[in-house]
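Since the structure of chain L is provided, determine the placement of chain V on it from the hints.
If you read the sequences in order, they're chains L and V. Residue numbers 1 to 607, in our numbering, belong to the letters of the first sequence in order. Residue numbers 608 to 1197, in our numbering, belong to the letters of the second sequence in order.
One thing to keep in mind: the hints can contain errors.
Stated by the list, open to error - Straight line, CA to CA, 20 Å or less: simulated EDC-like cross-link-like pairs of lysine to aspartate or glutamate:
1. L:262 - V:687
2. L:221 - L:258
3. V:868 - L:76
4. L:262 - L:222
5. L:221 - V:1084
6. L:221 - L:254
7. L:210 - L:222
8. L:221 - L:231
9. L:262 - L:252
Stated by the list, open to error - If you want the footprint, here are the derived chain L segments under chain V, 3+ residues with CB under 8 Å:
10. 163–170
11. 272–278
12. 282–288
13. 335–345
These are calculated hints, taken from the structure and not from any lab test. The beta carbon of each residue, even a glycine, is placed where N, CA and C say it ideally should be.
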Amino acid sequence: MREQRTTPAQRPFGFGPGGPMHGVTFQQAKDRRGTVRRLWPYLRSSARELIIVSGLVVITTLLGVLAPYLLGRAIDHCLRQRHIGDLAHIVGLLAMIHIINPVGMYLQSVLMVTVSQRAVRDLRRHLFERLQRLSVSFFDTHAHGDVMSRLTNDVDTVNNALSQGVVQLVGSLLGLTATLVMIFWLHWRLALVTMTMVPLIYAVTGLLGKMTRVAFRARQKDLGALNGLIEETLTGQRVVKAFRREERILADFDEANERLKKAAIRAGIIGGSMGPCMNLTRNLSYAIMVGAGCWMVGRGLATIGLVAAFLEYSGQFMRPLMQIAQVYGMVQGALAGAERVFATMDEAPEPPDEPDAVPLPAVRGEVTFDNVDFAYEPETLVLREVSFHAHAGQTIGLVGPTGAGKTTIINLLTRFYDVANGAIRIDGHDLRGVRRADLRHALAIVPQDPFLFGDTVRENIRYGRLEATDDEVVEAARVANADAFIRHLPEGYDTVLTESGSGLSRGQRQLVAIARAILADPAILILDEATSSVDTRTEAHIQEAMLRVMEGRTSFLIAHRLSTVRHADVILVLDGGRVVESGSHDDLVSAGGLYARLHHSFVTAGA
Amino acid sequence: MRPYRKWALLAPALMVLEVAMDLTQPRLMQTIVDRALPAADMGMTLRLAGIMVLAALLGLVFGVGCGIYANFAGLNFGADLRSALMRRVQSLSFADLDRLETGRLVTRLTNDVEQVQEAAMMVMRILVRAPMTMVGSLIMALITYPRLCWLIVVMSPLFLWTFMYISRRGHDLFLAVQDRLDRVNVVLRENLAGARLVRAYVREDHEEQRFGVANDDLMVRGVAAGRVTATTLPIMVFTLNMGLVAALWLGGWQVYAGEAKLGQLLAFTNYLVQMLFSLMMVGMFVVRLVQADASAERIEQVLSTIPSINDVEDVSTENGVRDRFRRAKTVPDTVFRSVPDTAVSWAAVDFGYRGAQAEPVLRGIDIDVAPGEVLAIVGATGSGKSTLANLVPRFYDVLGGAVCVGGDDVREVSQSELRGRVAIVPQVPSLFSISVADNIRFGRPEASDDEVEAAARLAQAHDFVSAMPEGYATLLEAQGTNLSGGQRQRLAIARAVLCRPEVLVLDDCTSALDAGTEARLLAALAEWDHRCTRLVIAQRLGAIRSADRVAVLEDGVVVGLGPHDQLMESCPTYRDIVWSQTNAPGDADA
Chain L
1 MREQRTTPAQ
11 RPFGFGPGGP
21 MHGVTFQQAK
31 DRRGTVRRLW
41 PYLRSSAREL
51 IIVSGLVVIT
61 TLLGVLAPYL
71 LGRAIDHCLR
81 QRHIGDLAHI
91 VGLLAMIHII
101 NPVGMYLQSV
111 LMVTVSQRAV
121 RDLRRHLFER
131 LQRLSVSFFD
141 THAHGDVMSR
151 LTNDVDTVNN
161 ALSQGVVQLV
171 GSLLGLTATL
181 VMIFWLHWRL
191 ALVTMTMVPL
201 IYAVTGLLGK
211 MTRVAFRARQ
221 KDLGALNGLI
231 EETLTGQRVV
241 KAFRREERIL
251 ADFDEANERL
261 KKAAIRAGII
271 GGSMGPCMNL
281 TRNLSYAIMV
291 GAGCWMVGRG
301 LATIGLVAAF
311 LEYSGQFMRP
321 LMQIAQVYGM
331 VQGALAGAER
341 VFATMDEAPE
351 PPDEPDAVPL
361 PAVRGEVTFD
371 NVDFAYEPET
381 LVLREVSFHA
391 HAGQTIGLVG
401 PTGAGKTTII
411 NLLTRFYDVA
421 NGAIRIDGHD
431 LRGVRRADLR
441 HALAIVPQDP
451 FLFGDTVREN
461 IRYGRLEATD
471 DEVVEAARVA
481 NADAFIRHLP
491 EGYDTVLTES
501 GSGLSRGQRQ
511 LVAIARAILA
521 DPAILILDEA
531 TSSVDTRTEA
541 HIQEAMLRVM
551 EGRTSFLIAH
561 RLSTVRHADV
571 ILVLDGGRVV
581 ESGSHDDLVS
591 AGGLYARLHH
601 SFVTAGA
Chain V
608 MRPYRKWALL
618 APALMVLEVA
628 MDLTQPRLMQ
638 TIVDRALPAA
648 DMGMTLRLAG
658 IMVLAALLGL
668 VFGVGCGIYA
678 NFAGLNFGAD
688 LRSALMRRVQ
698 SLSFADLDRL
708 ETGRLVTRLT
718 NDVEQVQEAA
728 MMVMRILVRA
738 PMTMVGSLIM
748 ALITYPRLCW
758 LIVVMSPLFL
768 WTFMYISRRG
778 HDLFLAVQDR
788 LDRVNVVLRE
798 NLAGARLVRA
808 YVREDHEEQR
818 FGVANDDLMV
828 RGVAAGRVTA
838 TTLPIMVFTL
848 NMGLVAALWL
858 GGWQVYAGEA
868 KLGQLLAFTN
878 YLVQMLFSLM
888 MVGMFVVRLV
898 QADASAERIE
908 QVLSTIPSIN
918 DVEDVSTENG
928 VRDRFRRAKT
938 VPDTVFRSVP
948 DTAVSWAAVD
958 FGYRGAQAEP
968 VLRGIDIDVA
978 PGEVLAIVGA
988 TGSGKSTLAN
998 LVPRFYDVLG
1008 GAVCVGGDDV
1018 REVSQSELRG
1028 RVAIVPQVPS
1038 LFSISVADNI
1048 RFGRPEASDD
1058 EVEAAARLAQ
1068 AHDFVSAMPE
1078 GYATLLEAQG
1088 TNLSGGQRQR
1098 LAIARAVLCR
1108 PEVLVLDDCT
1118 SALDAGTEAR
1128 LLAALAEWDH
1138 RCTRLVIAQR
1148 LGAIRSADRV
1158 AVLEDGVVVG
1168 LGPHDQLMES
1178 CPTYRDIVWS
1188 QTNAPGDADA
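Excised from the complex, chain L in its bound form:
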């Protein structure tokens, strides 16, 4: 993530002399007004700070506008009219302004940093909380990187705009107005001279800005094409090598690279002229002010002190004009970012519990599937008319080829997804009529490839029941046959696992997950047997632990080995989304169906 945070598109400023170099690549928010309205609540809690900041902005801006006037007074009044005694006065006033102003600036930025950090903290928290309410299908269908980027990159742009942009924008606008009022009040003729630069600035930023946008859009397109090519090539790099396409790929790449270079140079030159052009307007306005001012002084129309003051005012006048364009781009980017954040927040959450959902009393563990149909995508049914009944405490084995629907049954039982037709009942209660939290408290899953947090082994087990004591954790680990290997870890139960538990073997991860499930002490247990390379010792441990933990619980076992499933009370043989056979091992063998055939080839060949 760290690397992605500074992609050019969301770097807030095109600092370079090129001015709004990146401003042009900002995406625009589709509904600016709506986005602003939704952002507002995040600022409301900082209303006090915002009022203080506004006051500070007004004070510093007005004082800033006063300073050049004082300079002019010093020159005219004290030096030209030789009232040198008043110099101390004026200089003292100036010194005061220049002490107050930095302090005001400091307070402003500190307050805004606090405000913006608080706002984005809340934004992040809300987004995260919304994510917790989303159904599993959201995470199955959305790229995690994309979701992460909402919470980091996009929130970051909001932060930047809030902490720097907004105050700058307001300050610039206010400063511009105040300067305008001041200069016309002081000397309308010189003010008009200052204003002569406005059309030029307008023309330069307008024309050059437009050309820059066009050129940068072209550059962006070529950049996108090249990056697309890079990404596709590298993603398929193995195939490229396997089919000896390196040379041709490089030829394509060179072409795209060259095209980008040309477009980028063009865009860079046009965009890069913005700086010198701005410099030109600055110097021109300086020259014109000096020329015109001194001409007026010569004619007695103005005083030299006023000209000196106006030299400063023209600077003060130009700076906000240039800044506004930059800051505007930044705020635009932030709005687009905020809009994406809100879009994720607007994802439909897991449908809430039915209003009349009842609390599930202590679960005995009776499970009924009643003519259940299910489809992930509307037209393709994954389960068809699945019906079975599991008595409390029974072990149900699920077997069948890939795609037969074994995992789907688990997804429905945990209510990660809702059935399309039919019903699933636990102890006679329809799942849709009970509170989700109660249902899930009654269940525990040991997946094939369990997820572990980058935390200690102890905390990973405790995840099954947060209030469990250390002793209970150890006890659960012992029942799960995990205690022995955990004690052999460098720091025992306090060993911090690397993310997704890659410090442990897959079998060991499953043992930890079994311990976690034991700690949760569910009425219904779901075990997905690991097929992957688990060494034989660990495998024996897992099997033993599984059998132990299944005792006294309704257990669903997705089995990949004949030996594990043969002791199940009921074996459901799934094929193409249907239960094609069901019964005990002996029943199924004597029935002579699919299961029997599989078993037969196994046994006769092995005998």
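Chain V in isolation, oriented as in the chain L frame:
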């Protein structure tokens, strides 16, 4: 950067001229105020003002010129850097790719290159400009008003101190922010990856709490870092303005006493402002440079990766890069072997992914495959099947023993020739966003349309391709997302078949096909007029039974090798697999 030295030097040279033009402005103003005004010489005033305008225009010309050359140099440099990276990546072996990770490589070639390129341009334009303006202003200030120059001497240390304070304190604080941000990311990533677990154990509130802690911590650090940066500008503005006030006070008295002229004082304050503003600029850009530095380091890391698989004595230096690295790496005591009269042969092969120290993936593999034979490779997930197959086109080098194709040690054949002889259909088919026909033609660009169609027919792809809106000319989306899994697999098979290789490796590439299609495909391959050796990694009984012999792998060791019937008798692992693979793990529909 070196080839563009001329441009890279021209840019700052023009910059000097631009800055010089800027610096003449206050000087000219001073002349007007001190000489033209008292003499009431309107002509001189206007003439000097005209010169100022002219200087401003010249400044524009020099500035734009500087921009042009900086762009030429910087962007050519960026393009070359990208190209060097791409060439390096093309020469990397699979092991190198595993290590560098595709996602990261993409970032290196895109984002990191941009960062470095922009930094290069920035150095040429801003970081040269600022010090030049500073020194220039200092000199001009000295010339204009030597008596007040000690002011600059007093102010400079304050500025320097601010810089050092910010960069040191700021650096630590920003590191802390980064650290907390990473923490927030970890919590989020875990939450996304463990979404099922969180919901299954109803731990949403717990997760929110966990996130809340990290999130609050990030905010606190963010505020702390923000406070330090918030001091920078005020301190600088304060120092600058105090300098100006002091200049006005002291200069005012001197002007009053007639010891200095008013224009002198005004010009001096102007230079002071210019100087200090450029200082502030430098401060702002240092941060960007630090970022670019990190990018440069990451790029260097890729560029310095020496391809771990190289051709031995081929390279007729048509490719200078490859030649250079041939010498860099050759396993010193490699013993080449040759196993005549075999199509593929693994001779005492040991292999591990991260060199000898890692857990071995394959141990002591000895299999000879006769020309035209079909060998099925079976075993549980992680038993080493794909690894075994990947050694044949030399995607990886063995640690011990040798792999031979057509009797020759794969390390003695050039990679290009070897991969012409061996075609592989990978487990996850990689398709490109070009037309269907071009995807099939990927390994043999010169193949005719008829050949493409024949290959597609053989791979059972012709029917669905013809049903597509533009048939073989239909453009695929990236990774072929507009096709189903089974369709992608069939195109990948057609692509390999079109090459008419000596050895065809099918790495579990029919998993998404329904049984009927798979059977038709197997039959078509069996009747194919091109006689080739096939290595088939398979899960399903159908594919396994169509093979002449089966190799059974368990934990990287061959535990059974022979025809199906024989193995059913002699190999318990095989019997177990036959049963379990037909009831394969069912998480595909999760």
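So if I understand the rule, the pair passes when the alpha-carbon distance is 20 Å or less; does residue 221 of chain L with residue 258 of chain L pass? Holds, at roughly 13 Å.
Within 20 Å, alpha carbon to alpha carbon, are residue 221 of chain L and residue 254 of chain L? holds, 16 Å
Between the region 335–345 of chain L and chain V, see if three or more residues pass the 8 Å beta-carbon test, and mark the coverage as holds or violated. violated (count 0)
Holds or violated: residue 221 of chain L to residue 1084 of chain V, with C-alpha atoms at most 20 Å apart: Measuring from Cα to Cα gives roughly 18 Å; hence the hint holds.
Does the structure keep residue 210 of chain L and residue 222 of chain L at a Cα separation of 20 Å or less? With Cα atoms ~19 Å apart, residue 210 of chain L and residue 222 of chain L stay inside 20 Å; holds.
Do three or more residues of the region 272–278 of chain L come closer than 8 Å to chain V, measuring C-beta to C-beta? Holds: 5 residues of the region 272–278 of chain L have a Cβ under 8 Å from chain V.
Under the criterion that the straight-line Cα-Cα distance not exceed 20 Å, is the pair residue 868 of chain V, residue 76 of chain L satisfied? Holds, at roughly 14 Å.
Do three or more residues of the region 163–170 of chain L come closer than 8 Å to chain V, measuring C-beta to C-beta? Result for this restraint: violated, n = 1.
Verify this for me: three or more residues of the region 282–288 of chain L with a beta carbon less than 8 Å from a beta carbon of chain V. Held - the region 282–288 of chain L has 5 residues with a Cβ nearer than 8 Å to chain V, which meets the minimum of three.
Hinted pair, alpha-carbon criterion (20 Å max): residue 262 of chain L, residue 687 of chain V. Please report holds or violated. holds, 13 Å
Is the hinted pair residue 221 of chain L and residue 231 of chain L satisfied, with a Cα-Cα distance of at most 20 Å? Given pair residue 221 of chain L, residue 231 of chain L holds - Cα atoms ~15 Å apart, limit 20 Å.
Is residue 262 of chain L close enough to residue 252 of chain L, meaning Cα to Cα at most 20 Å? With Cα atoms ~16 Å apart, residue 262 of chain L and residue 252 of chain L stay inside 20 Å; holds.
The structure fails hints 10 and 13 (numbered hints given earlier, in ascending order).
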